[in-house]
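Position chains D, V and R with the ligands against the provided structure of chain S, taking the given hints into account.
Spelled out from the first residue to the last, the chains are:
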Amino acid sequence: MKKIINDPKRVVDESVAGFAIAHADIVRVVTDPIHVVRADAPIAGKVGIVSGGGSGHEPLHAGYVGFGMLDAAVPGAVFTSPTPDPILAATKAVDGGAGVLHIVKNYTGDVLNFETAAELAGADGIEVRAVVTNDDVAVKDSLYTAGRRGVGGTVLVEKIAGAAAEQGLSLDEVAAVAERVNANARSMGMALTPCTVPHAGEPSFTLAEDEVEIGIGIHGEPGRERIKLEPADKIVDRLLHPILEDLPYASGDRVLLFVNGMGGTPQIELYLAYRRAAEVLAEQGITIERSLVGNYITSLEMQGFSITLLKLDDEMIRYWDAPVQTAALRWGR
Amino acid sequence: MKKIINDPKRVVDESVAGFAIAHADIVRVVTDPIHVVRADAPIAGKVGIVSGGGSGHEPLHAGYVGFGMLDAAVPGAVFTSPTPDPILAATKAVDGGAGVLHIVKNYTGDVLNFETAAELAGADGIEVRAVVTNDDVAVKDSLYTAGRRGVGGTVLVEKIAGAAAEQGLSLDEVAAVAERVNANARSMGMALTPCTVPHAGEPSFTLAEDEVEIGIGIHGEPGRERIKLEPADKIVDRLLHPILEDLPYASGDRVLLFVNGMGGTPQIELYLAYRRAAEVLAEQGITIERSLVGNYITSLEMQGFSITLLKLDDEMIRYWDAPVQTAALRWGR
Amino acid sequence: MGLDINWAVDWVRRSADVVSEHRVELINLDREIGDGDHGENMDRGFQAVLPKLDDLPAGSTPGDVLKLVATTLISTVGGAAGPLYGTAYLRASSAVGGEVSLDGNAVAALLQAGRDGIVARGKAESGDKTMVDAWTPAVDAAASAAAGGADAAAVLRAAADAAAAGAVATEPLVARKGRASYLGERSAGHRDPGAQSSALLLEAAAEAASNGTSA
Amino acid sequence: MGLDINWAVDWVRRSADVVSEHRVELINLDREIGDGDHGENMDRGFQAVLPKLDDLPAGSTPGDVLKLVATTLISTVGGAAGPLYGTAYLRASSAVGGEVSLDGNAVAALLQAGRDGIVARGKAESGDKTMVDAWTPAVDAAASAAAGGADAAAVLRAAADAAAAGAVATEPLVARKGRASYLGERSAGHRDPGAQSSALLLEAAAEAASNGTSA
Ligand SMILES: Nc1ncnc2c1ncn2[C@@H]1O[C@H](COP(=O)(O)OP(=O)(O)O)[C@@H](O)[C@H]1O
Ligand SMILES: Nc1ncnc2c1ncn2[C@@H]1O[C@H](COP(=O)(O)OP(=O)(O)O)[C@@H](O)[C@H]1O
Ligand SMILES: [Mg+2]
Ligand SMILES: [Mg+2]
Ligand SMILES: [Mg+2]
Ligand SMILES: [Mg+2]
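Quick mapping for you: the protein sequence lines, in order, are chains S, D, V and R. Sequential numbering from 27 applies to the first sequence in our numbering. Sequential numbering from 27 applies to the second sequence in our numbering. Sequential numbering from -17 applies to the third sequence in our numbering. Sequential numbering from -17 applies to the fourth sequence in our numbering.
Chain S extracted, bound-state conformation (with noise of 0.2 Å):
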């Protein structure tokens, strides 16, 4: 395993200091029980907006914070959702009277330990509201099942949670936005290398030189399916089709294209998948109005990448523009 590392038990302490530093305008990091906070927070008034989930993610969560997106991050060990105590740490240091939305990726772990923080924080008096995410058509959705996971799909729901919440919405509005975000958002995902995490040592699975994983998620966990390596076109679609077919996303449509690194991926690859993902979209008659081109959720060193469509309403775009200024996703201050 080679990796950029002091110790692997002191990976994310580390990380976080160091991002706690070089972002000290934007954010404060409390480390015990350690979870990140917007300077300024908690503000009094707006709805609170609290993220987390495993490490390894980044810049998710902690480099959503800030004006205009989230109050809090809760940053767990490397692809291990956090435990309540720092969840409910954050909760509280964001609530300015107005409640507090978790916004929560659908994994168990994620799930049963927001579940908790929010009973505690509920017994405390904060009102919270959850919106799981969800918009990932490589798994298949059911009752009987996990469901399905929440991948690129969660970072529009901060963006646009994010500014509809520093615009004064309610609690119960914010929720409604979010929860419209990701109703309308899909996405799907592939790899063409694993990623190993610190303690494990080992990669999460191995693939032939000649192999990519399809459908793979942002925790390592090996993908559907197995193929031989294509053109980038040719996966591109394949990520793509599935994607139109679920919401369905027609003709006509406005929506947000993001195409997102899975960590290792070099832009130059980001973008040309994006070209022919927009080359599919004008086909169908569907018109991008919004991009997103990078490494924003991310899953350690993996190479690989996904493909994230938003069905856009006028409210979403307002939403979308509106300023924001994290470390990692910055416009309009």
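Warning: the hint list may mix true and false statements.
Pulled a few chain R residues facing chain D out of the computed Cβ check, cut under 10 Å [what the hints assert, rightly or not]:
#, residue
1, VAL6
2, GLU14
3, GLY18
4, ARG26
5, ILE56
6, SER57
7, VAL59
8, LEU66
9, GLY68
10, GLY104
11, LYS159
12, ALA162
13, TYR164
14, GLY166
Simulated from the structure, these hints should not be mistaken for lab results. These numbers come from a predicted model, not from an experiment. All residues carry an ideal CB built from backbone N, CA and C; glycine is no exception.
The following block gives chains D, V and R with the ligands in isolation, referenced to the frame of chain S:
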């Protein structure tokens, strides 16, 4: 070779085509000869700034085209300096009558091709000045060699000179600012893994599972020294000390600390490295006034990182903080 | 012969040991069909419990130990396993209340409450390829042993053996809950890591009971 | 017997062939001490020249062909090799002017002008481990062959052999120019890719001359 590409010969064209669609609000792309121009170029009375070089270093340089930074970028083939034609075309496209600054990384190919383009532009009546960046302390500087490479410092030169030009400084003044940034910047990098140039199909070098390259460049060229993998803090020290001794940076200095990923490095590792660098600077009485952490000048999918220090003065800070609106660096608007 | 506080403490110490020993094995099982952290998570949790055992006030009961395990796992493990095991130990603690010595029936009730806690939190059914598939046969075996008049140690032995068999029996299953469910059919052919850790913990309980650490 | 336009065109075609054949070899040499693009760069350049040969107007001279190569390489190769070779061919073209047939002395002058162009642009000295280390011995060998009365083909043969030896002789050198200089001592033990491509191009020139393509 595993890459998200269609054909090694079309990588740059297809990627730039994607970039053009994704950032149509910021840039315009001309395909023959290929160059990327700020959407509102030329700006009358403003010094134009053009940079460029081989592709594979994204977001450098196209990602820095936009308000407050570059007016044009010229992407060559992967790791191959562009020819004079597109440099000349870009120079003409951004000439607003106040002259054009070329920001050139110190590689023989870049220097020669930009030189030729500048000569041709001069013959067309455009005043061109060139600033050659050479901040890499891993390479011994000498009159008798090709000299130091231009690496991380280039990003800082582009931002700060870009702001100076945006604020209306003359060509001589912008060039002087750019020279001053370059003169006060020092960098050094390392790699955990090599990268693979698409048309070569084989990694640029091979490293054993326990080896790393110290003093790596950004073209997959092997570094100065191959050592056994060490803890992150030791590696940071190994890069930072030659940097500190070179200028030298001294107690009381105010600096910008830039921890840059080589393309395949996850953020969690970059911030971990940043933490140690900040610790060392604090011990030395050097104040970190500004920070930049991320994949900003890369070497395809290489894993590794570089550290750049820039000794700041008030003017540089003002230009650093000035609004910028590019695909890869954005704040203040 | 009932099981007292010494048994409970010994169970925890043995649990920490066995999880530590099998850390890599659990990580590897989880790498195959999950995200490779189960061994690390469980190890972190039980190592956090150990020092707290020393601070247990005099007169503590088995139920107090179980509660200590519950709260520590909840606040240190994270992931799916943290809340699930946490709830199991919490419910188990409630089930035994303030009793100072547990007989066969009490142990059977303890296990049943633990299993029910896991199901209440995780909503998994038998055959979903989760830790429930180790706990449910264990609970059933414990119940029949207790009904047959077995003492506490014998009840735990029956439970441990059934849990071990249950863990093995998860191998052919297609996962419907937890991270392995994302793999669909490809999850078959691998043992569920949580079922395996459950078997290890129940084995530790049985060994602590048979090893005469109880009064 | 002088070398005319047919020789010049044949030289270019052979150059394109030999560069294409040795593309991977040149890439590999450049991977070892550079950035792995030299073979690709040269191949792209000469492939771009080929179609333009068909458009040469009647009455073109060897100098016209050299100029066409120069401008095409400059506008398609990029990197260090593009401007350096471009300048070499441009200066070589000037050196032969409008002559329609080149004798031994003219060929020696052509090579000398080419080498001087490379040095003027790149500022490398002999022993810096660059293409100059193939060109300089070639120019010297050509000059003495011409001085000894050799015909154009024999001058090119002498130059080609010397260039080949010069390329081999770059192996032990420590690079002081170009990308390989960043490696310092570690650049020793590898042949310079530009010296190797230069040797290939001069060999192509000699073969075109000896192959009776000249009038
Ligand atoms: N809904 C559930 N009900 C019962 N057990 C579950 C459920 N989901 C997951 N598990 C158990 O949790 C184990 C995984 O734990 P762990 O790896 O620590 O957490 P995570 O899946 O969050 O990484 C699985 O092997 C399974 O036994
Ligand atoms: N200053 C120089 N003078 C002469 N030749 C040089 C000089 N710098 C580089 N070269 C030649 O250029 C070759 C590399 O060409 P190429 O790989 O195409 O360009 P780049 O180094 O820009 O990738 C080297 O092998 C060397 O022979
Ligand atoms: Mg996990
Ligand atoms: Mg090159
Ligand atoms: Mg797990
Ligand atoms: Mg090269």
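Evaluation of the provided hints:
1. VAL6: holds (9 Å)
2. GLU14: This hint holds: GLU14 of chain R lies near chain D, its Cβ roughly 8 Å from the closest one there, short of 10 Å.
3. GLY18: Holds - the Cβ of GLY18 of chain R comes within 10 Å of chain D, reaching about 4 Å at its closest.
4. ARG26: holds (7 Å)
5. ILE56: holds (6 Å)
6. SER57: holds (5 Å)
7. VAL59: holds (7 Å)
8. LEU66: With a minimum Cβ separation of about 7 Å from chain D (threshold 10 Å), the hint on LEU66 of chain R holds.
9. GLY68: Result: holds, 8 Å to nearest chain D Cβ.
10. GLY104: For GLY104 of chain R, the interface hint holds, since the closest Cβ of chain D sits about 7 Å away, which is under 10 Å.
11. LYS159: holds (5 Å)
12. ALA162: With a closest approach of 8 Å, the ALA162 of chain R hint holds.
13. TYR164: holds (5 Å)
14. GLY166: Interface hint status for GLY166 of chain R: holds (6 Å vs cutoff 10 Å).
Of the hints listed earlier, there is not a single one the structure fails to meet.
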